[in-house]
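S.K.: My request is simple: use the sequences and hints to build the entire structure.
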Amino acid sequence: MSLRSPLGRVLGLGSAKGGSSHWYSQRVTAVGLVILGCWFLASLALLGAGAQHAAVISWLHSPFSAVMALLLVAVTAYHAQLGLRVVFEDYIGDKGTRLVVLVALKFALVVAALIGILAVLRIAFGAQA
Amino acid sequence: MAQPERPLSPFMQYRWQYTNTLSILHRITGILLSLSFFVLVYWLAAAASGPERYASALATIGSPLVRLLLVGGLFSFSFHLLNGIRHLFWDAGYGFELPIARKTGWAAAIGAVVLTVVLWSVLGASLGGAA
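Note that the protein sequences, when read in sequence, are chains R and G. Per the numbering used here, the first sequence starts with residue 1, numbered consecutively. Per the numbering used here, the second sequence starts with residue 130, numbered consecutively.
Keep in mind that the hints are not guaranteed to be accurate.
[Stated by the list, open to error] Negatives, chain G to chain R, calculated, CB over 12 Å:
{"id": "1", "residue": "L137"}
{"id": "2", "residue": "P193"}
{"id": "3", "residue": "L198"}
{"id": "4", "residue": "L210"}
{"id": "5", "residue": "G224"}
{"id": "6", "residue": "P228"}
{"id": "7", "residue": "I239"}
{"id": "8", "residue": "G240"}
[To be verified] For each label pair, taking beta carbons as the anchor points, the in silico distance ranges come out as:
{"id": "9", "chain 1": "G", "residue 1": "E226", "chain 2": "R", "residue 2": "F64", "range": "20 to 30 Å"}
{"id": "10", "chain 1": "R", "residue 1": "D90", "chain 2": "G", "residue 2": "L227", "range": "38 to 48 Å"}
{"id": "11", "chain 1": "G", "residue 1": "G253", "chain 2": "R", "residue 2": "G14", "range": "45 to 55 Å"}
{"id": "12", "chain 1": "G", "residue 1": "Q132", "chain 2": "R", "residue 2": "L71", "range": "54 to 64 Å"}
{"id": "13", "chain 1": "G", "residue 1": "A188", "chain 2": "R", "residue 2": "R9", "range": "50 to 60 Å"}
{"id": "14", "chain 1": "G", "residue 1": "Q146", "chain 2": "R", "residue 2": "A42", "range": "58 to 68 Å"}
{"id": "15", "chain 1": "R", "residue 1": "S25", "chain 2": "G", "residue 2": "E134", "range": "44 to 54 Å"}
{"id": "16", "chain 1": "G", "residue 1": "Y147", "chain 2": "R", "residue 2": "H22", "range": "19 to 29 Å"}
Keep in mind the hints are simulated off the structure, nothing from the lab. For every residue, glycine included, the Cβ atom is placed at its ideal position computed from N, Cα and C.
M.R.: This is how it looks when you write it as structure tokens:
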């Protein structure tokens with residue numbers, strides 16, 4: 001999403017970076033996470049004491065739960081990346097260190113998200129408990 | 130030794146108040162939630178790896194240190210949720226007037242504590258309590 005006016009774009013004016021897109025994505029994912037976060041905690045409560053393995057498996061066998069869980073993992077990782085990025089940008093002055101940390105941050109969250117997504121898919125398509 | 134009056138940099142004279150407290154809390158809770166995300170992924174991966182792995186993962190999640198992180202995670206969820214909604218209203222242009230901002234700020238802080246207690250009483254058992 002770009003907030004640049006068509007005239008500004010033609011004239012080559014305005015920021016060369018993606019600040020408005022970052023800001024906009026942060027808000028859109030925030031709204032999504034209000035729903036997904038509440039859904040997850042409600043599901044966790046319904047899983048009951050100890051969240052037994054069989055209960056977790058049959059929970060994620062429902063297509064609705066599986067899609068919601070996939071969305072939760074993906075949107076949380078993206079929102080966390082956007083937020084932590086700003087924190088690191090604010091407190092790391094050295095540009096080289098900052099670059100390394102920001103790349104490492106993206107890497108860690110992408111890997112974690114993929115592990116989470118694979119886990120949900122394995123359960124969703126796996127054997128019924 | 131008399132020093133002449135010199136202007137101070139804004140951050141040197143900035144009074145500590147509820148606005149910056151809540152702003153810093155929003156950041157800290159965001160960082161804690163990011164850490165909790167890794168616990169969520171660990172939990173999902175363990176569930177996908179079968180009952181034995183899952184049982185040992187629950188034992189890890191039920192250990193005092195991780196449980197402490199999860200209590201912090203529940204508070205973080207509550208506060209980040211309520212204060213985040215406050216932020217979304219600001220972004221839409223509402224709630225900037227000082228009396229309203231102060232009220233919603235207090236509501237977010239107190240609401241977060243109440244919500245944490247409620248969530249822990251409901252979820253404490255699920256979060257590795259009976260593991």
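S.K.: With reference to the structure, classify each hint as holding or not holding.
M.R.: Evaluated hints:
In this structure L137/G is separated from chain R by more than 12 Å, as the shortest Cβ-Cβ distance comes to about 22 Å. The claim that P193/G is not at the interface with chain R holds, since no C-beta of that chain comes within 12 Å of its own (minimum 17 Å). No beta-carbon of chain R is positioned within 12 Å of the beta-carbon of L198/G; the least distance is around 15 Å. At the 12 Å boundary, the C-beta of L210/G falls inside the reach of chain R, the nearest C-beta of that chain being 6 Å off.
For G224/G, the condition that its CB be more than 12 Å from all CB atoms of chain R holds, with the nearest at approximately 15 Å. With a least CB separation of 25 Å from chain R, P228/G remains clear of the 12 Å interface cut-off, as annotated. For I239/G, the non-interface assignment is confirmed: its Cβ lies about 19 Å from the closest Cβ of chain R, beyond the 12 Å cut-off. Every Cβ of chain R is farther than 12 Å from the Cβ of G240/G; the closest lies at roughly 14 Å, confirming the non-interface assignment.
Remark: the range hint 20 to 30 Å for E226/G to F64/R is contradicted by a beta-carbon distance near 41 Å. For the hinted restraint 38 to 48 Å between D90/R and L227/G, the CB-CB distance of approximately 26 Å leaves it violated. The hint said 45 to 55 Å for the Cβ distance between G253/G and G14/R, and at roughly 51 Å that hint holds. Between Q132/G and L71/R the CB atoms are about 59 Å apart, so this pair conforms to the stated range of 54 to 64 Å.
The hinted range of 50 to 60 Å is satisfied by A188/G and R9/R, whose Cβ atoms lie roughly 57 Å apart. For Q146/G and A42/R, the hinted distance range of 58 to 68 Å is not satisfied, since their beta carbons lie about 35 Å from each other. Separation of S25/R from E134/G is about 46 Å and conforms to the stated range, judged on CB atoms against 44 to 54 Å. Evaluation of the 19 to 29 Å hint for Y147/G and H22/R yields a pass: the beta carbon distance comes to about 27 Å.
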